[in-house]
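Peer 1: Each chain, written out:
There are 4 protein chains.
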Amino acid sequence: MRILVTNDDGTNSEGLWALAEALTSAGEVYVVAPDRDRSGISAAMTLLDVVRAHPVNSPVDGVEAHAVEGTPADCVILAHEGLYDEPFDIMFSGINQGANMGADVLLSGTVGAAVHGYLRGVPSVAVSSYYDPEGSIRYESACIGAAAIARELLASPIEAPLLLNVNMPDVGPEDVEGVEVTVPGSRAFLESVQHEVVGRREHYWIKHNRSNSQPKVESGTDVWAVRNNRVSISSISPLLTDGIPGERLERLAEVVRHAMETSGSLA
Amino acid sequence: MRILVTNDDGTNSEGLWALAEALTSAGEVYVVAPDRDRSGISAAMTLLDVVRAHPVNSPVDGVEAHAVEGTPADCVILAHEGLYDEPFDIMFSGINQGANMGADVLLSGTVGAAVHGYLRGVPSVAVSSYYDPEGSIRYESACIGAAAIARELLASPIEAPLLLNVNMPDVGPEDVEGVEVTVPGSRAFLESVQHEVVGRREHYWIKHNRSNSQPKVESGTDVWAVRNNRVSISSISPLLTDGIPGERLERLAEVVRHAMETSGSLA
Amino acid sequence: MRILVTNDDGTNSEGLWALAEALTSAGEVYVVAPDRDRSGISAAMTLLDVVRAHPVNSPVDGVEAHAVEGTPADCVILAHEGLYDEPFDIMFSGINQGANMGADVLLSGTVGAAVHGYLRGVPSVAVSSYYDPEGSIRYESACIGAAAIARELLASPIEAPLLLNVNMPDVGPEDVEGVEVTVPGSRAFLESVQHEVVGRREHYWIKHNRSNSQPKVESGTDVWAVRNNRVSISSISPLLTDGIPGERLERLAEVVRHAMETSGSLA
Amino acid sequence: MRILVTNDDGTNSEGLWALAEALTSAGEVYVVAPDRDRSGISAAMTLLDVVRAHPVNSPVDGVEAHAVEGTPADCVILAHEGLYDEPFDIMFSGINQGANMGADVLLSGTVGAAVHGYLRGVPSVAVSSYYDPEGSIRYESACIGAAAIARELLASPIEAPLLLNVNMPDVGPEDVEGVEVTVPGSRAFLESVQHEVVGRREHYWIKHNRSNSQPKVESGTDVWAVRNNRVSISSISPLLTDGIPGERLERLAEVVRHAMETSGSLA
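Protein chains in written order, with my numbering: chain A, 1 to 267; chain B, 1 to 267; chain C, 1 to 267; chain D, 1 to 267.
There could be a bad hint or two in this list.
A pair holds if it fits inside one copy or across any two, identical chains being indistinguishable in the list.
Stated by the list, open to error - Computed list of lysine to aspartate or glutamate pairs in DMTMM-like fashion (alpha-carbon distance at most 20 Å, straight line):
1) Lys207 <-> Glu196
2) Lys207 <-> Glu81
3) Lys207 <-> Asp85
4) Lys207 <-> Glu28
5) Lys207 <-> Asp132
6) Lys207 <-> Glu134
7) Lys207 <-> Glu254
8) Lys207 <-> Asp49
9) Lys207 <-> Glu14
10) Lys207 <-> Glu261
11) Lys207 <-> Glu140
12) Lys207 <-> Asp175
13) Lys207 <-> Asp61
These are computed hints drawn from the structure, not numbers from a lab.
The whole structure should be built from the sequences, with the hints applied where relevant.
Peer 2: Printed below as a string of structure tokens:
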């Protein structure tokens, strides 16, 4: 089984390699990821310039890796059309530093990459991990959950085109309180803009940090789940005519739940 | 009424100014658009670099304009947070050279800009015009349709958050055969990748041009409508809990139909 | 006579058009300039990506203009190889906001553009105007001086390959105290670096503003001239075997001096 | 002794690490290099955007390395101002794939980086290796020569600000026929421009490959030396008032000659 792994934080992100390593238990892993941090890049493709790619050393044994001077979407496209001849059985995008919930799925490069796999008929899973900005990010739960999903989907493929958005709470696997099948909540953040004048020039910084004052944190949403230490799994198929049978999603939640419970605290 | 106009083809695109001019009949138009062609940029925001903006001469009287060294999304964000203090009543993104239908709405910078207006609670309308690549693009139908939609929405605002995707067929208003409320069809194009070696270097070109061999052109879809010389109006609200009452959408279709019929062949 | 005008501050810079207008008195002016501010870009060419150019409206009558999504050097190269078939008789780069003196000539995009004209055998003149950062930049002296140099060089071409670096003091033509043939002084500024941490990311800002504590302001240098309200003309031919006869340079200084004296205070 | 190593081909270039390794015999080596290929970038600095840097794994033991999302000049500036507190005793830029001779020194990113070290008073050496495009590049001679120069300059520093441009012929050390102190020859290449139309868009490719039909290959020049299997060492101090005593340059040539003769054919 051929597993493609990408992300939007780039090849210098620890989460990318943690995910790649975790997935080696499920199949043959190939990393094709951006050479730089491309957060906020959505599903953007580079259509107006050339795109360059080169092999990079992988810190994970047995994993072949390329860095792409481009977007996460470019990575998925090149993985399917330029770098490899054989198709992928599944793709994962992550582990993003920070959750991608609610309307953020439209803006996230992590999800944007998964959109491109989905559009090519490859089961695609975006994996993000919420963390307290004052603390540091944990990858362990995400790794365990992703590996469990990979094994399940490769053993029992879902017929319909699949785009899953998985968000981990900021706890280790032993403290995960459950795994929920969710729908995206409302948007938690808007952008704020900082205007700076430097000499005779001026510029703006766009920051994705203005908290929505009335977040609707309804139960059943990804936001609710993550805030309550649950793993959130959403099917975010953007084409409304695609339905994923509810029981298939519940099965996925079950295997992840089981994996957390049986994981101990080993990465 | 304050109307924001942006696009993804940039300030050098004729379609941007044609749309701006057409909308002056509905309110006060402000253009904030990318300084370069940003096709394929989806809803990407520039979060990791500064963004610069400067006033530009507008070829349309009475329209204030800025060019942004950034993405269409950056334009919408800066219009709301940096460049102006007052909110916009409605925003339009377009007129895109080429249709944006089916799954392309996920990749299109034209739609990506409208997503950001929608997320800010501004009624947002993406306007694209299909055209035969062998021929040249017409803006007249798109201008008439957009102006009609603007007048209707400003006179009778729809309560729910609104994100409309409008696609024009490749005909003048007098040849428009109808106006349909549609849903996005399946994807018509995937990307192909061209590998080139130049000296000791190599690169890839990603081209959004590989036609899907089994396009499902079902009636009721945007693709069907445009191929049959109908104007297509889709509500593409990405947050599933948002519903737009069907009769409101039908009302919009009606005003556009009427505008086409009464337009003669004047721009 | 065909005159190419470019700059490194981009098509939105007033100084570019002031220069273009002033040079219409000497010949047929063609503007090919970067679409964005490219300060600090030196003689860099875009070799690893495509370069796009498009016509732009010129605020100066009779001047054809293109904007290039690239560097000042790209502009000079495209002007000679892609956009026009006929060669240019002379080229000007400017009017830069801020002087380019001493070792800054190695870093300046204004001078970098002129280097490329020089390398193609076109007499090339970089024009910069010093100004007090607390005040605003004057273009008048630079316009008068550039036009005088253009008329002189077109009437009496200098045989050897020519690369002139002209710097204006921060005064109007009536207060110019002289015109000197100079050599580049030592470097007046080094860079300082500001380190910023934003959330989980960090970055650096390079600023070209750290004043050299022991500037050698020797008479005969460009720095000395400009500080003493003189126009500075340096031949900065980088290939040591190229000599420009001293009397030719003195002749240029004379025509500029005369132009300042007879200018009144009209632009 | 602290030795800074950078280049313009980026951290993925074999020549960078070959040079770093060779220099470990002369002192403590620190690599700060661009994360991408920046050929043709001249002495350009990033002044209008932030610059990011991150540690990277070094394939050479004992060498600390950073990749910079920026230009070679940015690397030199950050190495001196942001990344390290202690100054460097010497810096090397290379090993460039392809020679940088004649007027190319004005355009080369390899030389551009060295210019910035020179401007900061650090003895700076650009190292390039000519090679037959049909064949593959050799780094051995460049490594031996650079290490010999490093040891000599660190043992017997030259008082004046130093900027050396070293070019290797396309032979192994045993076939080097001599080492010459040279001056830059005339320019061997101009750019050509290829215009391409893709759909409704067009663009240009600038290629640095149009051979000058009348190259003046005078003896005593870098071009002559390299074509005749000699190592070329030029002092290319851009500030004319800086003189490097001829006998110091001849001494450098001698140590390199000796190193080639005694090298055998080991890297």
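Peer 1: For every hint, state whether the structure bears it out.
Peer 2: Quick rundown of the hints versus the structure:
1. Lys207 <-> Glu196: both (13 Å within a copy, 15 Å between copies)
2. Lys207 <-> Glu81: between (34 Å within a copy, 11 Å between copies)
3. Lys207 <-> Asp85: Between. Shortest inter-copy distance 18 Å satisfies the 20 Å Cα cut-off; intra-copy 39 Å does not.
4. Lys207 <-> Glu28: Answer is neither: 38 Å inside a copy and 28 Å across each miss the 20 Å cutoff.
5. Lys207 <-> Asp132: Only inside one copy: Lys207 and Asp132 sit 17 Å apart there, 33 Å across copies, limit 20 Å.
6. Lys207 <-> Glu134: within (18 Å within a copy, 30 Å between copies)
7. Lys207 <-> Glu254: Close neither inside one copy (37 Å) nor across copies (40 Å); limit 20 Å.
8. Lys207 <-> Asp49: between (26 Å within a copy, 10 Å between copies)
9. Lys207 <-> Glu14: Neither: 23 Å inside a chain and 31 Å across chains, both beyond 20 Å.
10. Lys207 <-> Glu261: This pair counts as neither: shortest intra-copy Cα distance 37 Å, inter-copy 46 Å.
11. Lys207 <-> Glu140: neither (28 Å within a copy, 38 Å between copies)
12. Lys207 <-> Asp175: Classified as neither; 32 Å inside a copy, 46 Å across copies.
13. Lys207 <-> Asp61: For Lys207 and Asp61, neither the intra-copy (37 Å) nor the inter-copy (33 Å) Cα distance is at most 20 Å.
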